[in-house]
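Between the sequences and the hints, there should be enough to build the whole structure, so can you do that?
The sequence shown begins at 1 in UniProt numbering and counts up one residue at a time.
None of these hints come from the bench; they were simulated from the model.
Quick reminder that beta carbons are idealized off the backbone N, C-alpha and C, glycines included.
Hints may be right or wrong, so weigh each one.
Distance windows between CB atoms, simulated [stated by the list, open to error]:
#1 N15 - V49: 39 to 45 Å
#2 F12 - R44: 23 to 29 Å
#3 A47 - P8: 42 to 48 Å
#4 C16 - V49: 24 to 30 Å
#5 C16 - P52: 18 to 24 Å
#6 R26 - D46: 23 to 29 Å
#7 N15 - P52: 20 to 26 Å
#8 Q6 - D38: 43 to 49 Å
#9 F50 - P27: 18 to 24 Å
#10 F12 - L41: 36 to 42 Å
#11 N43 - T19: 31 to 37 Å
#12 F50 - W13: 22 to 28 Å
#13 L9 - F50: 42 to 48 Å
#14 P27 - A47: 21 to 27 Å
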Amino acid sequence: MTEITQKPLWDFWSNCWDTGNTPWHRPDIHPLLTEHVDKVLGNRRDAQVFIPLCGKANEIKW
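If you want it as structure tokens, here you go:
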């Protein structure tokens, strides 16, 4: 990409972070995860779950 096309994108993301406009950061655990955790994991305590990171993943602590 050229510098001309990168600048607006950089400005967009910088503005999002500077103003706290980060809707990709959920303050809680995704409701679909809490709703369906038993269907996915059952009673398996040794199960591993892949959580692709995008934003603050509160699910990791959960």
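Quick rundown of the hints versus the structure:
Taken as a hint, the range 39 to 45 Å is violated for the pair N15 and V49, whose Cβ atoms sit roughly 33 Å apart. For F12 and R44, the hinted distance range of 23 to 29 Å is not satisfied, since their beta carbons lie about 42 Å from each other. Remark: the range hint 42 to 48 Å for A47 to P8 is upheld by a beta-carbon distance near 43 Å. One distance hint, 24 to 30 Å for the beta-carbon pair C16 and V49, holds here, with the actual separation near 28 Å.
Between C16 and P52, the C-beta spacing of about 20 Å keeps the proposed range 18 to 24 Å intact. Between R26 and D46 the CB atoms are about 27 Å apart, so this pair conforms to the stated range of 23 to 29 Å. The hint said 20 to 26 Å for the Cβ distance between N15 and P52, and at roughly 25 Å that hint holds. For Q6 and D38, the hinted distance range of 43 to 49 Å is satisfied, since their beta carbons lie about 45 Å from each other.
The given range of 18 to 24 Å is respected by F50 and P27, whose C-beta atoms sit roughly 22 Å from each other. Taking the beta carbon of each, F12 and L41 are about 38 Å apart, inside 36 to 42 Å as hinted. Take N43 and T19: their Cβ atoms lie about 44 Å apart, and the range 31 to 37 Å is violated. Between F50 and W13 the Cβ separation comes to about 25 Å, which falls inside the hinted range of 22 to 28 Å.
Hint check: L9 to F50, Cβ distance near 28 Å, so the stated range 42 to 48 Å is violated. As the Cβ distance of P27 to A47 is approximately 25 Å, the hint placing it in 21 to 27 Å holds.
The earlier numbered hints that this structure contradicts are 1, 2, 11, 13.
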